[in-house]
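Engineer: Chains as they are written, first to last, in numbering that gives the first Met the number 0: chain A, 0 to 357; chain B, 0 to 357; chain C, 0 to 357; chain D, 0 to 357.
Careful: at least some of the hints might be erroneous.
The list makes no distinction among identical chains, and a pair is therefore deemed to hold if it is satisfied within one copy or across any two copies.
Subject to a maximum C-alpha distance of 20 Å in a straight line, what follows is the list of computed SDA-like cross-link-like pairs (lysine to any residue) [unchecked claim]:
#1 LYS147 <-> THR316
#2 LYS264 <-> GLY313
#3 LYS142 <-> ASP95
#4 LYS264 <-> ASP99
#5 LYS142 <-> GLY115
#6 LYS264 <-> THR305
#7 LYS266 <-> GLY287
#8 LYS197 <-> GLU183
#9 LYS98 <-> ASP194
#10 LYS321 <-> THR172
#11 LYS63 <-> LEU85
#12 LYS98 <-> ARG263
#13 LYS98 <-> ALA198
#14 LYS187 <-> TRP169
#15 LYS197 <-> VAL257
#16 LYS98 <-> GLN74
#17 LYS187 <-> ASN170
#18 LYS63 <-> PRO20
#19 LYS264 <-> THR316
#20 LYS142 <-> GLY357
#21 LYS264 <-> VAL319
#22 LYS142 <-> ARG352
#23 LYS63 <-> ALA21
In short, the hints are calculated from the structure, not lab data.
These numbers come from a predicted model, not from an experiment.
Protein chains: 4
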Amino acid sequence: MAGNSFGKLFEVMSFGESHGPAIGCIVDGVPPGISLSEEDIQPFLDRRRPGQSRHTTQRQESDKVQILSGVFEGQTTGMPIGLLILNEDTRSKDYDDIKDKFRPGHADYTFFRKYGIRDYRGGGRSSARETAMRVAAGAIARKILGEKITIRGAMIQMGPHAINRDNWDWNLTQNNPFWCPDSEAAAKWETFLDDVRKAGSSTGGIIEIVASGVPAGWGEPTFDRLDADIAKGLMNIPAVKGVEIGAGFAAAALDGLVNPDEMRKGKNSDPEFLSNNAGGVLGGISTGQDIVARFAVKPTSSISSTRRTITTSGENTEIVTKGRHDPCVGIRAVPVGEAMIACVLADHFLRYRGQCGG
Amino acid sequence: MAGNSFGKLFEVMSFGESHGPAIGCIVDGVPPGISLSEEDIQPFLDRRRPGQSRHTTQRQESDKVQILSGVFEGQTTGMPIGLLILNEDTRSKDYDDIKDKFRPGHADYTFFRKYGIRDYRGGGRSSARETAMRVAAGAIARKILGEKITIRGAMIQMGPHAINRDNWDWNLTQNNPFWCPDSEAAAKWETFLDDVRKAGSSTGGIIEIVASGVPAGWGEPTFDRLDADIAKGLMNIPAVKGVEIGAGFAAAALDGLVNPDEMRKGKNSDPEFLSNNAGGVLGGISTGQDIVARFAVKPTSSISSTRRTITTSGENTEIVTKGRHDPCVGIRAVPVGEAMIACVLADHFLRYRGQCGG
Amino acid sequence: MAGNSFGKLFEVMSFGESHGPAIGCIVDGVPPGISLSEEDIQPFLDRRRPGQSRHTTQRQESDKVQILSGVFEGQTTGMPIGLLILNEDTRSKDYDDIKDKFRPGHADYTFFRKYGIRDYRGGGRSSARETAMRVAAGAIARKILGEKITIRGAMIQMGPHAINRDNWDWNLTQNNPFWCPDSEAAAKWETFLDDVRKAGSSTGGIIEIVASGVPAGWGEPTFDRLDADIAKGLMNIPAVKGVEIGAGFAAAALDGLVNPDEMRKGKNSDPEFLSNNAGGVLGGISTGQDIVARFAVKPTSSISSTRRTITTSGENTEIVTKGRHDPCVGIRAVPVGEAMIACVLADHFLRYRGQCGG
Amino acid sequence: MAGNSFGKLFEVMSFGESHGPAIGCIVDGVPPGISLSEEDIQPFLDRRRPGQSRHTTQRQESDKVQILSGVFEGQTTGMPIGLLILNEDTRSKDYDDIKDKFRPGHADYTFFRKYGIRDYRGGGRSSARETAMRVAAGAIARKILGEKITIRGAMIQMGPHAINRDNWDWNLTQNNPFWCPDSEAAAKWETFLDDVRKAGSSTGGIIEIVASGVPAGWGEPTFDRLDADIAKGLMNIPAVKGVEIGAGFAAAALDGLVNPDEMRKGKNSDPEFLSNNAGGVLGGISTGQDIVARFAVKPTSSISSTRRTITTSGENTEIVTKGRHDPCVGIRAVPVGEAMIACVLADHFLRYRGQCGG
């Protein structure tokens, strides 16, 4: 209830701060009889792991996940799955300078106002480090969804530089440090990001997640719409400021004759849609088309330039954030966004099955 | 759990279809001792009510709300508040033509796939009629929040036509049928919307909601962030395809030196922020600045032009949607968006008080 | 969250006070495609209805239930089902005498302490009148469970007078005003209850509910055990002070060689148990045997004799409760207990199907 | 949702099997600013720990709890608290004999039927080992409740042997291995339990928990009554078959003139009640009197005598449960019962504060 759990039938509750001994989560509601081991989870964590290129934080964490329960002889038992990752490379000293100041754009001030106390080391609970557990939970969600459903993410804009969608090639997302599906854009971004970092600044980005193979009929009609749960899941990622589905904000400007996706008899039992402005969701329930969601990540707030701020006692001061930070946190948000959507889909799959059977 | 309730401490569960005998909801968790009567709720319903200008559906509903419980001698008792609105002007015959066809852009197809059965009269549960109960619940949420918190909405773009933000005047939103804060834009929209309707088409829009007076410290840090609950609340409104907070999608293109809102010592106990790109939320918790959210509404899917679709048995056909429809559902979404944000804020106010006291 | 809803996948939220205009509830999560009409619900309400013999309150309520949503052409649609019962025979004047006094054994004092305000007319929300909605929801739960599962209740003790279990005949429970399965006991109770009423007093009772046909495998292993949800459901009925499953409190005194139910190969796929001390639940999950639960109801607190109490301003006073009250509320608790168990079972059926499929 | 979490505002989710690497839990919703360290939790775990007398299992576990998050510089931060206990003395070989058989009275059969798979080592998740995390969470709940509220438990009956309540001395509960408040009974039980163990059998017991200092006004009126949540919490403890509040089952036989607790003006602002048949709860809300709950624990199902059962493939067989088992699991249920009530009270304290302020 205090906002550390997500999902209803597929439920994840997490704990852990950036500079505490460990982070972890419990994944509850997993169906029994699914093969699962650390090897199913680790590759997704490795994709999110920092320190893999010069474009992400140089903090070195092996992020080795341990399964502590819920799996027996290689199969899920239906019991809650406890996951644990030890924190390794914590340099808390980096944060002594900021313990009495609020970093602009950070949760420092709001945590202080709500709780009257904050673990300032590395941002404590507000650190993006917490998202590792989402990625781990997302890997389990994928196992529940099975291989017919794929969930892939790509960064489609870095700072002001959007990709050319005509160049889209999913394979490229595995071959550059930006999950960029357009090789020309990726090259441009590399230079751009170096410049940003040298300027003591940071940049944002826009990410697109596509879930394919989701059958028609998942979701709810009123207050837990599939797209609303996706919006919530994505907006819950640190630094995210906007979410859209299908045509998204552009839908507002589309003509009423263009926007609704017309339907034709399909080759097999499913119909063919003549467009996908809906992004795979109508009335809160999946259509069977690709689910397409986008989200915007603001520039990293931890920058090495001097900013104006106040102290915890309310006096004016200035701040420079040291430490090892991602110049574009949007990059590492790609696997996190995939994971959130995997969790939402697993939840709605089980909810569908509960109410409607089959 | 089947998606007809919203909120945790301030909880709303609703029921009702467009063409059934009534719609209603239960509002649970209301603090005791708040003065409340139908007169506190009715004005908000009247603002959303159809048939008030030629720009909204001509269906005539008085939408008179009855309080059935939870209020005694003019005060809330802490007991659940039952609300009821009878349906009056239902012309179910209008829908005979579509009972075996799926209207493109509508929930017809997805409801059929999920439930195998649908109440096709007026869209049944998927009708925007259901949102009247949200407006009623929102009126109660406002009473909980008190008069220091104001929640106001404006339409800032209709179809491709955005307002000029320099012209912004909140008073104007009460003086035109579009909740438009820019009189020039309002005049332009009037012509535009007449043209759209004559063309047998429809249009979308973008709405901005501003909540002022929210104290710092409301929200949760991880999975029920205040902005994530707002995003979910708004995306749960029928026809919404995108949501953003503060700088929103534009934040992705902002420089890291510009985006974070710097802070200075304020006049009273609260600091002064030098900008509000955050939109009033940092790390999922309110900053004390205005909470600024925007959402995009797609063009009404019910249009009087012929569209291609399939029948419930999967055969190709064509469809013309008769009935009385809003050419721009975005207009009536303004009070609904305000209500959703009121509900989210009331919920987080009570959650704050539960965990942190005071 | 404020305690007016029950169940997770099969969820009931109710509202309404004894002397308000109406009581009602929303039943959410009902699977689609189940035939349902008022005629499926009314008989259960009629069984609970007051004024049917001299042994229950003489308040006359027809308790006619209306289905307001969620059913289309005789079938459930998967949408929330709104139910409404108008209050008819409310004599609020009866309660003027007690508006400033706390009736001993009643919720008057605790409501006042929690909320600072109470609707004293007929006990307001704390009135057993609210249980009519549980019975209505239970009737829907039974439709979900299907005809293979039967849920029957009997009163097995009135005041100090227990039945002789050797005389148990389920048919008798329909033939006397006490749901008593033992005709000899029923005869004795009739005299006993007349005496109690004449003495200006009241009496309690013990009720046993048996659910047959529940398959093995429903329930949860740790915190939502099937027996724990049953215990909560029954303890949530007004005036209930104890709940037990199977051998119950007597299990504490059984020898460890006797208590565990041994198993033998059965005639069909299910095993045969050689006893049922478990009451159909082991480790929080159903065994396939009859689920047997008992609950104790205290004597009605509203009695016509003078009792010592205090006023709302804390001064000593005396009270006599007028109005029309059941001398043994346990009697009307029988259909309510059945309904609560039906609701718990429907919920766990859907939960089972969600996690485990099938 | 899959039944591994408990509580709404004070929420505990746990994981872990008897013979896995560790057990753990997350405690969410803890107010900030409460002093907390492992030393606040460990003493309660030590009270529950096995191997402390010849009357409990000889399995040796140090049960050292680690706090992994949510505490900073000795104070709670409002963030979720991760707790971990490593499993040490696991002798899984003891369980090879039973992997294909169902132990009568155990969850073996029902887990197999629900999940189709079970971790048979030490009962897996169904082992009482899981209750260690409840005790740890209960210790945190006590810190939230503060020192004015005390929660104490006593065993009041072992097998058929009840205490003499006239001898009740709370201090004695710390001085014998049975939490027995009556020294004569404790002496008798010692011999009785040795005999039971020698006979290859086991025995049950009844435990009473008393919570003193709870203010009037905590609880909910309808479906989350304080007594109903207590009933659920206690019935969720492994092997519990019955729960009662105040006069409990005996209330059914009390006269209506005797059962309701009369009230008189008290010495301070609270009234004086002339009895406590209610057990501190009226209408689901606390009265300010002691909250008194009792629960019955069945005899340990794991006994060293030969019992009839079936195999996982449904054939008749016999079973003898080896391993190291408590002859009376009721003993170690005392601190678990206290913990469950502490958790329920902490939850309702926060819920009260959320809705009613203060």
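Engineer: Each hint should be assessed against the structure and marked as holding or not.
Structural biologist: How the hints compare with the structure:
1. LYS147 <-> THR316: neither (55 Å within a copy, 30 Å between copies)
2. LYS264 <-> GLY313: between (65 Å within a copy, 6 Å between copies)
3. LYS142 <-> ASP95: neither (42 Å within a copy, 30 Å between copies)
4. LYS264 <-> ASP99: between (64 Å within a copy, 14 Å between copies)
5. LYS142 <-> GLY115: between (41 Å within a copy, 18 Å between copies)
6. LYS264 <-> THR305: between (61 Å within a copy, 17 Å between copies)
7. LYS266 <-> GLY287: So LYS266 and GLY287 pass the 20 Å test inside one copy only (14 Å; across, 45 Å).
8. LYS197 <-> GLU183: Neither. Shortest intra-copy (22 Å) and inter-copy (45 Å) distances fail the 20 Å Cα cut-off.
9. LYS98 <-> ASP194: So LYS98 and ASP194 fail the 20 Å test inside a copy (29 Å) and across (59 Å) alike.
10. LYS321 <-> THR172: Result: close neither inside a copy nor across copies, 30 Å intra and 46 Å inter.
11. LYS63 <-> LEU85: both (7 Å within a copy, 18 Å between copies)
12. LYS98 <-> ARG263: between (61 Å within a copy, 17 Å between copies)
13. LYS98 <-> ALA198: Neither: 25 Å inside a chain and 62 Å across chains, both beyond 20 Å.
14. LYS187 <-> TRP169: within (18 Å within a copy, 43 Å between copies)
15. LYS197 <-> VAL257: Result: close only across copies, 16 Å inter versus 45 Å intra.
16. LYS98 <-> GLN74: between (45 Å within a copy, 16 Å between copies)
17. LYS187 <-> ASN170: within (18 Å within a copy, 46 Å between copies)
18. LYS63 <-> PRO20: Both. Shortest intra-copy (14 Å) and inter-copy (16 Å) distances satisfy the 20 Å Cα cut-off.
19. LYS264 <-> THR316: between (66 Å within a copy, 9 Å between copies)
20. LYS142 <-> GLY357: both (18 Å within a copy, 19 Å between copies)
21. LYS264 <-> VAL319: Close across copies (18 Å), not inside one copy (61 Å); limit 20 Å.
22. LYS142 <-> ARG352: both (16 Å within a copy, 18 Å between copies)
23. LYS63 <-> ALA21: For LYS63 and ALA21, both the intra-copy (11 Å) and inter-copy (17 Å) Cα distances are at most 20 Å.
Hint violations for this structure: numbers 1, 3, 8, 9, 10, 13, all remaining hints satisfied.
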